[in-house]
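S.K.: Okay, here's what each chain looks like letter by letter:
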Amino acid sequence: MNPETSSASAESKEIILAGRPNSGKSTLFNRISNGKQRVANFAGCTVEKKTSPIFSETGNEFLLTDLPGLYSLQPTSQDEEVALSHLKSQKDKSHVVFVLDGNNLKQELTLPLMLKDLGYDLSIAVNMMDEVTANRKMLDLAGMKDVVGVPFFPISARTGDGVDALKKFIFKKNSASSIDCCAGAGDYSQAHTAELFERAKATSKRAMKFQTSEDSENRLLARDLRWDSILMHRAWGPLIFFAVMFLVFQSVFAGVAPLTNLVQMGISFLQDKVNALTFLPQIVVSSLSDGLLAGVGAVLVFVPQIAVLFLMIGFLEYSGYLPRMACMVDRALRPYGLEGKAFIPLLSSVACAVPGIMATRTIENQRSRLLTILISPLMTCSARLPVYTLLISTFVPRSHLGFMSVQGLVMFGMFMLGVVTALLVAMVLHKSGLFSSKQKVDFIYLPHYRRPNWPELFRYVKMRVIVFLKKAGTIIAGMSVLLWVLLSFPKNQSTTETFAAAGDKISQNASLSAEEKTAQQELLDHQLSSQRLQESIGGQLGVMMEPLFRPLGFDWRLTIGIISSLAAREVFVSTLGTVFALGDKSKEDTTTLTAALLNAKNEQGAARYTLATCLSLLVFFAFSLQCISTIGVTRRETNSWKIPAAMFLYMFCLAYVSSFVVYHVASHFL
Amino acid sequence: MNLRNAPYRQVLRVLRFDALDDASLFHLAQIGLEVGEDVQKIQCAPLGDPVTLQIGESLIALRNELLEKVQVAVGASGDSIK
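Each protein sequence line maps, in turn, to chains A and B.
For the first sequence, my numbering gives the first residue as 1150, with consecutive numbering after it.
For the second sequence, my numbering gives the first residue as 7, with consecutive numbering after it.
Note that these hints are calculated values from the structure, not bench results.
A few of these clues could be false.
Unchecked claim - Stretches of chain B that chain A covers, calculated by requiring three or more beta carbons in the stretch to come under 8 Å of a beta carbon on chain A:
hint, region
1, 26-32
2, 36-48
3, 64-71
Said to hold, decoys possible - With a straight-line Cα cutoff of 16 Å, these simulated EDC-like cross-link-like pairs (lysine to aspartate or glutamate) come out:
hint, chain 1, residue 1, chain 2, residue 2
4, A, K1255, B, E74
5, B, K47, B, E71
6, A, K1354, B, E40
Said to hold, decoys possible - The following label-pair restraints were derived from C-beta to C-beta distances:
hint, chain 1, residue 1, chain 2, residue 2, range
7, B, A29, A, L1819, 56 to 64 Å
8, A, G1415, B, A29, 55 to 63 Å
9, A, I1379, B, N11, 21 to 29 Å
10, A, L1819, B, N11, 51 to 59 Å
For each residue, glycine too, the CB sits at the ideal point set by N, CA and C.
Chain B extracted, bound-state conformation (with noise of 0.2 Å):
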């Protein structure tokens, strides 16, 4: 499942990235968001979009067209998010 179709409030493994660029993908790595890692989505804005995601220890809010493109499982990778 996208993103954008997950769950609120539970521990979510990013697992692949669809049709995204090399320098999109590394932009995104360094906010701690790329392959393997957890997020959770905590939730969306009064409009829907952006979605406020908890990725390491930071609160970051990224658009629903962008959360479309990010496969992501339900459950940890190991490094649960407290």
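Extracted from the complex, chain A is given alone in its bound form (with noise of 0.2 Å):
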């Protein structure tokens, strides 16, 4: 069951998993609910609560939460917040499970005290015990149990081991007495707070005795520093860094090849099938060919690249190794107004705006936070792969400088533009003194390496394929049949008549051979499908938006993508894909987009489009915010619709100037 979209009854009893960030909360919310929660290895991961139904054995139903990190009682941050006023809200209501990492006891105790101290109902698992027998340490957890007065559980919330007997316990515990914790709010207050994290510092000293060593040495700090000695090292780990971002971006193009092309093929011989329907009225089979088959196949040949890229992305999430980036560019970023921790924003943006803006909550200071929210829909996100790749292996030469693809060059080209670009305006809105908090500590917190689970990271790849797929099978679909109607009609008969007059006349033209009078035919028919669709309501449309975007290189045919990637970015390709399946074909090659715009001639016979066009295009799409999610997400975030409408604003005026500029100097040199 989808946890985000599932709800329990009303008399459910909950039970809340609440711990410091990172220590596991998700993969054991994961394991005991069978969800789908995207965990991985880094602090702030989960930035909103998620809750699913769960059922003991007897049948019974409760509630399972899954709250974002908490470090103390006094919240930093939002995701913070989240998680604290969740926990007091529910105090008589719920038992509370707090998850720590058995790596960290020491610190991780105290808060679990607090709370028992605030007169929660809880129990502790601590996770992560595989790590914890494998770093040669041993926790006697009867004897903690005896000192805190609290039941432990041992698990490994990424193996399995030990969740039955807490699931047991919590559902045994739950279903049988009212919750057991004191009624009455509590007191947050600091100076309360302060006591109480002084009493819990001594009961975790004591309960900290139950813990022992084999190794005088702790095996996984060690690993971790001889790994930060290469990745974080002063020369290298710049240039390490660097390569790791680079290869996300050759990889997208590099390897994928061979499936983009089977995917191209599978939609071909789909349609090469509907065509043959011939039972079936032409208007159907069109709708479906030329409509449906073509729009959302333009789409789906990019589910190869799309799928390797969250691979890659998985990876450095599960790694370790994307807290090290955010502390290597903490420094870098401090100029801009920015601080290493919009850095997991920013990255997680290049996969999707919407979840890069909501990780913005673990940013503690608010100016800091406001500006990376409204750059970060200037990353280059998955929504503008489809459209790069287009425009770059239509319009960029398949050649190779030394090993690196020139193809995958652009589009490390692309990303750094996304960047340099979010950089910039990030200073000129630092600079402009509109945004202004109060300085918080701040700090980055340095998990351990570890492997990538890789049935987790499949499975989050496959996810947010599937997400990639939804969006194909309906807003696409839809844009598609749409597009494909608004494009169709109106039929006008004059214009039919007057070339079927015209063929005519070509068949009973004695003087020409056959051979010219096929070439002939195949003229007339190009320029007929071509008057349709200038003649159809989305022609119209187009030609009338056309002078709007002219001056940028775009003739109405772009300009019908432009204004239906509103809706989503990749709905341009889509759209494309309809506008020329509908008609407009060259006698060239049409059999892919990337060949009909290749081929698309002008009345002069030259080609449509040029290399000044796709960069104009790259760069309007690189700038400009077509995407409702992002918008929506951004003012649910900032609580303002200022702040959508301010974005949607400065990102549009970007994207046209720069095109223009972009657009007119390139026609001049190129």
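Got two chains here, separate frames each, mind docking them using the hints?
M.R.: What follows is the structure, given as structure tokens:
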């Protein structure tokens, strides 16, 4: 069941998973509820509460809640506030399973002890026991239980060890009795919290006597330090950093071409099959083949690239390297009013700006958070990928510079363009003094390096691909059919008659050879489909809007694509797929959208789209905000319409002016 | 000496904090950085800032401007860092 959309009955008792960031709460949540929450190896992966109904063996229903990480009872960031406010509101009605990282018990134990003192009904799950054992540490949890006064459960949410015992306990406890807590809200004032903290530290110190180690060295830490000495080295660190980022974008092009071709072949096969359904009315065949399949198919060919991108990002998220990258860029980001923690939301925005903007909740400094939100949509998101790939693979030669693919280099260049522009925008906004906030103590928690949990990683990739496919099956399919309707109707009878008469003249012209007749008829058919397209509602809309975009080098066909992509960027590709499937076909190869774009001719017989058009489009898509979801999430995260409105406006102006300049400069020199 | 100027890879005991408000002190205490505790400077980021510290059994990166406000002395408080 999808936790985000699920709900349980109002009477269900709630079991809350709380704990410090990166203690494995979401992994445990997934393990208990068969959920599909995103998990990763950095603090702040979960930034909002997630719930899912779960059932005991006897059929009792409970509500399982996964909270964002919490460092203390005095929250300093929005994700911590979400966690604490839920704990407070559910104190008398819930059982809290406090999830601890068993590798770091001394620091982790204080917060559950404070909650216990405040009267919460509590049990403690000591997670990552597989690592604790590998690190040759021994925990006498029975002894700790005697000191602390709450039950301890050794678990490994990753492997599932010990989770059944924990589940049995919470089901039994919550089925049998009422919640065992002290009524009342509790005193969360700073003074009282400080008192609680001192008491908790003393108890924690006593409990820690039950932790022993066979080894004088902490093997996990020693391994981290060895890796850090290479990956965060003054000289090698930045080189490795750029190499990793470069590899991510090279891999999007290299190696996936066979898969892309396979998908393309599948789509063409389906189109041929549909076109062969002669018993169906032509209008139905056309709507399926030229509308649905051409539109959706044009986007589906990018599934392999999307999968590779998410695999690479997922790998970084699981490895523990991501927070190190944040640490390395912290100093470099400061002149722009940003901080190292902004790196994780910005890299998440490479996948999608929506989770990226939500991930800014971990940034304590409000000015820095707002700046990060405002620039996140400038990062090269996966929705831009189909557009970039189409344009780059069409207009950039498929050659190599040494071992590097030129197309991959251009793709990396587009990524860098997004990054550089985002930084410049942040600097301008920062220097403008529009945003200010009190400086807070800030730190970056560096987790242990971990091998990716491959099944988890592949599930993450699968989920992202499914999200993409759902989008293709809903928004993009809907838009494709709508565009097919808009681009197919009305059918002007007089145009048909005029071209039919011209066709008759060609066939009756005795002075022409059979080959010449065929060629002229093909040209006529091309002109007819072009004329029909232009006369359609969509065509007229494109023609009407064309003057606005003509200075950027876009004709009415591209203009339709730009307008339709306001729903989602990928729709641009599906729109062009429909436009070129319906009409405007040249006699050259149009089997793929790439070929159709490359071979499209203007009235003078010259190439309709040039490298200048391509660059102008790339720049336009790099800077403009064509994503309703991003606008929505910005509204939610900033609690204001002004910020998303300002964001849309500045990005549109930036896109328009930049495309204008690029098109005219490129037309002059290329 | 302050933590910024303190040597790397040596156990340092936290003596006091300068010019930090209660909220910040409390925030730092939650991650184990408080008076009487031991820390070790591990390495600085390639651009010199922030600096990775070992606090207890965690690695945490803190900025130099904050490290300047932490007074330390070389030598463990008793619970030496492993």
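S.K.: Give a verdict on every hint.
M.R.: Hints, one by one, checked against the model:
1. 26-32: holds (count 5)
2. 36-48: Since three or more residues must qualify, the claim that chain A covers the region 36-48 of chain B holds, with 4 doing so at under 8 Å.
3. 64-71: It holds: at least three residues are needed, and the region 64-71 of chain B offers 6 whose Cβ sits within less than 8 Å of chain A.
4. K1255/A to E74/B: Not OK: K1255/A and E74/B at ~26 Å, beyond 16 Å, violated.
5. K47/B to E71/B: With a Cα-Cα distance of about 15 Å, the restraint between K47/B and E71/B holds, given a limit of 16 Å.
6. K1354/A to E40/B: 15 Å, holds
7. A29/B to L1819/A: 56 to 64 Å: This hint holds: roughly 57 Å between Cβ atoms.
8. G1415/A to A29/B: 55 to 63 Å: 59 Å, holds
9. I1379/A to N11/B: 21 to 29 Å: 26 Å, holds
10. L1819/A to N11/B: 51 to 59 Å: For L1819/A and N11/B the Cβ distance comes to about 55 Å; the hint holds.
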